[in-house]
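Undergrad: Chains G and C are the protein sequences, given in the same order. Okay, so the first sequence: first residue is 14 according to the numbering used here, each after it adds one. Okay, so the second sequence: first residue is 14 according to the numbering used here, each after it adds one.
Any given hint might turn out to be false.
Any copy will do: because identical chains look the same in the list, a pair fits if it lies in one copy or spans two.
[What the hints assert, rightly or not] Okay, derived cross-link-like pairs now, SDA-like style, lysine to any residue, Cα gap no bigger than 20 Å in a straight line: (1) LYS233 x ALA193; (2) LYS34 x TYR195; (3) LYS140 x GLU62; (4) LYS437 x ASN386; (5) LYS109 x HIS385; (6) LYS18 x ALA57; (7) LYS437 x HIS385; (8) LYS55 x GLU166; (9) LYS415 x ASP375.
Read the hints as simulated data drawn from the structure, not as lab findings. Note that this is a predicted model, so its numbers are computed, not measured.
Protein chains: 2
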Amino acid sequence: MIRFKNGRVLTLDGSCEVENKEVWVEGDKIAFVGKPTDEQLKTAVFEREIDLEGDLLMPALKNAHTHSAMTFLRSYADDLPLQDWLFTQVFPMEAKLTGEDVYWFTRLAILEYLTSGVSASYDMYFKLDDYIKANIDSGFRTVMCDAVSDGKERAAVVEERYLRYNGMHPLISFRLGFHAEYTAQYGLLEAIGELAKKYKAPVSTHNSETAKEVADCIKKYGKTPTALFDSLGIYDYGGAGFHCVYLSEEDMDIFAEKGVYAVSCPCSNAKLASGIAPITRLIEKGVKLGLGTDGPASNNALDMFREMYLLTVLQKLRNSDAAALPADEVLSIACSGSARAMGLENCDCIAVGKQADLTVIDLNKPSMQPIHNIPKNLVYSGSKENVKLTMVAGKVLYEGGKFFVGEDDRTIYAKCAEHFEALKNR
Amino acid sequence: MIRFKNGRVLTLDGSCEVENKEVWVEGDKIAFVGKPTDEQLKTAVFEREIDLEGDLLMPALKNAHTHSAMTFLRSYADDLPLQDWLFTQVFPMEAKLTGEDVYWFTRLAILEYLTSGVSASYDMYFKLDDYIKANIDSGFRTVMCDAVSDGKERAAVVEERYLRYNGMHPLISFRLGFHAEYTAQYGLLEAIGELAKKYKAPVSTHNSETAKEVADCIKKYGKTPTALFDSLGIYDYGGAGFHCVYLSEEDMDIFAEKGVYAVSCPCSNAKLASGIAPITRLIEKGVKLGLGTDGPASNNALDMFREMYLLTVLQKLRNSDAAALPADEVLSIACSGSARAMGLENCDCIAVGKQADLTVIDLNKPSMQPIHNIPKNLVYSGSKENVKLTMVAGKVLYEGGKFFVGEDDRTIYAKCAEHFEALKNR
């Protein structure tokens with residue numbers, strides 16, 4: 014067992030209280046949370062004891078929307094509107110990607126997640142075998158969401174992947190999904206709805222990221238993307254909408270009624286000038302929330318601390334209300350809500366039997382002092398510099414600035430540079 | 014001399030190009046920038062050679078508006094509107110501060126500046142002797158801006174401090190200023206205008222931070238704060254307006270004509286729901302810009318990386334234009350503009366004869382990879398985790414996560430906790 018001792022613990026198991034207690038990890042699970050008796054300590058066998066020295070142990074953050082392999086486009090084509098950026102820069106480069114490219118670009122993203130206290134990503138991309146290998150080789154947890162586009166015949170691909178990837182490895186799962194309404198034909202949307210019903214499974218997709226996307230959909234179908242998906246049964250078993258910047262009141266009702274998660278990506282939406290999602294209104298309407306970075310080409314960091322900060326301060330701006338979306342709610346969205354949005358209910362908090370996806374926050378940094386209120390410190394002044402350790406499924410993958418992912422970080426950087434060079438010249 | 018070698022250098026000396034060259038530091042100044050000849054290398058005597066191993070050397074960031082000692086209120090009274098926060102939370106606590114409190118709370122802020130690659134602060138506070146001692150003891154550079162309020166008799170205090178503090182120490186300077194229109198009587202504003210004329214000196218103050226502040230001023234004087242200050246000669250020799258969220262077109266003309274810097278504090282303005290400053294419009298009108306964090310009680314971090322990110326993404330949102338305020342301009346505002354806004358023209362870039370206020374950015378972190386475009390990487394995915402070294406006036410004060418400020422960081426944290434406890438019970 015691994016013992017975390019002499020620290021503060023934020024379990025997020027129903028509350029945002031920080032308490033002095035211990036957490037023990039056995040294999041990939043949390044085995045004990047509390048103050049151990051002398052008897053318990055006498056019989057426990059620890060392979061490692063981690064002295065937190067007063068630092069904070071908390072559930073790892075979960076990145077509920079990303080395209081990890083897009084690291085290769087970071088700072089390559091910034092400062093463009095979303096549609097130009099997507100169609101003239103991103104898609105042509107992506108068309109040339111090999112599986113090996115995706116492998117290395119994903120490994121780079123995983124390094125960055127670990128520096129930000131993130132234990133799992135909800136990822137939409139392609140070359141999935143290579144993507145999966147990058148995650149397994151790194152020891153990182155991922156939930157893939159299918160990103161299929163085009164015609165109805167592509168639904169068979171989604172089904173095949175759904176059956177093949179689920180259950181293949183404890184760190185890997187796969188959920189029904191498609192890229193977006195604006196890249197799917199009606200037949201594909203219908204077929205996805207059929208799959209949802211057949212497997213009684215949630216479906217996730219980009220939804221209402223831009224005003225243009227919604228306007229075009231209304232022009233084409235006479236309905237918002239959400240109403241369209243709902244009419245086809247796509248959301249019958251829940252799922253997630255990524256971005257959700259332009260949901261109507263009726264869309265929000267559908268989200269609430271069907272238990273669909275609205276996954277917000279505030280940094281990406283700001284950087285691409287897409288807008289600010291109506292988070293406080295979604296909360297009022299009872300919609301469940303998750304938080305994600307979106308891909309590194311549009312963000313450009315994979316930093317859930319910056320994401321938490323923007324989530325709340327943009328709501329304060331949007332509502333002209335400094336009290337909007339307090340820190341406790343933000344933490345709960347980023348750790349627990351995000352985990353549940355991607356189907357990782359077993360990773361949503363620190364409790365016995367849950368997966369040991371944890372992070373240690375260094376409170377002995379100037380940004381965390383004085384220690385008046387730890388949740389507020391995390392959300393309002395936390396950053397990657399505070400992440401001391403990240404554990405996924407009971408294994409320490411990042412500690413004290415060093416990575417334990419089966420490959421040297423500098424090798425990963427060099428491989429990425431080499432693969433990008435080859436891609437450009439292909 | 015200290016030699017920085019084998020690195021990339023971003024001088025910001027008229028361009029945002031990154032080049033492979035060396036920088037040598039002699040005493041507190043930059044002595045050489047370029048590729049040295051064998052002859053130069055033979056005759057140079059280096060007390061230390063810093064091998065950058067490909068990392069980036071750049072001018073340190075300058076924090077052009079802050080209240081450093083307010084670290085004691087970080088995460089203490091969040092999620093309140095500005096006026097409530099100021100009058101019910103901040104002012105009553107501040108009234109009880111001792112000089113020794115200010116000393117330790119300032120030392121804490123300086124630690125955080127160093128972790129964020131910041132070499133100088135433009136600070137508004139009180140207990141100035143203690144504040145100055147904290148800076149000198151730490152080796153940190155500061156420009157104080159007077160924060161006087163109330164009646165005209167207080168102008169004599171400003172003048173006395175102006176004469177006393179300027180020239181007292183190479184790291185310390187002092188500029189004419191006052192807290193804000195809404196805490197000053199008309200007589201004080203008149204007297205400050207007289208001082209500006211007497212010393213042909215710039216004046217800095219809070220200006221148009223909230224819509225309420227501007228509306229109240231118009232109600233009282235029939236003029237915006239900027240027009241009022243201008244009518245009294247306060248801006249006759251330039252200066253700075255802190256925040257500048259609600260400037261009218263005419264206000265901007267005054268700023269441009271008088272050479273007044275608009276210092277933006279995007280994180281604080283967002284967190285307090287004050288609004289988004291019209292930065293791109295200010296640039297169109299020819300107004301010079303600086304960037305600051307504001308105090309840690311309203312931000313809550315003292316992190317110029319987060320400030321740079323918010324500066325640009327909030328402009329993209331405000332203008333519905335993803336191309337608004339590109340990264341090069343942001344860097345120039347945060348390093349050079351901020352330096353000049355506080356009168357530190359000798360710290361605004363890397364060039365021979367300038368002060369050696371420098372920072373080293375670790376490019377071997379996942380967030381900085383791949384290296385397509387370093388200025389964009391800095392602004393869009395940079396954070397404190399990338400700051401490897403911060404040098405002020407030729408002295409390394411922060412390197413590899415360790416502080417060299419004449420006092421142990423943990424002692425400073427303990428002193429702050431102790432002083433806060435005493436303050437609460439006073």
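Undergrad: For every hint, state whether the structure bears it out.
TA: Now the hints, each set against the structure:
1. LYS233 x ALA193: within (14 Å within a copy, 54 Å between copies)
2. LYS34 x TYR195: neither (50 Å within a copy, 48 Å between copies)
3. LYS140 x GLU62: This pair counts as neither: shortest intra-copy Cα distance 40 Å, inter-copy 46 Å.
4. LYS437 x ASN386: For LYS437 and ASN386, the Cα distance is within 20 Å only across copies (15 Å; inside one copy 48 Å).
5. LYS109 x HIS385: Close across copies (18 Å), not inside one copy (51 Å); limit 20 Å.
6. LYS18 x ALA57: Classified as within; 13 Å inside a copy, 52 Å across copies.
7. LYS437 x HIS385: Cα proximity of LYS437 and HIS385: across copies only (12 Å, versus 50 Å in one copy).
8. LYS55 x GLU166: Answer is neither: 61 Å inside a copy and 72 Å across each miss the 20 Å cutoff.
9. LYS415 x ASP375: Classified as both: same-chain Cα gap 15 Å, cross-chain 14 Å, threshold 20 Å.
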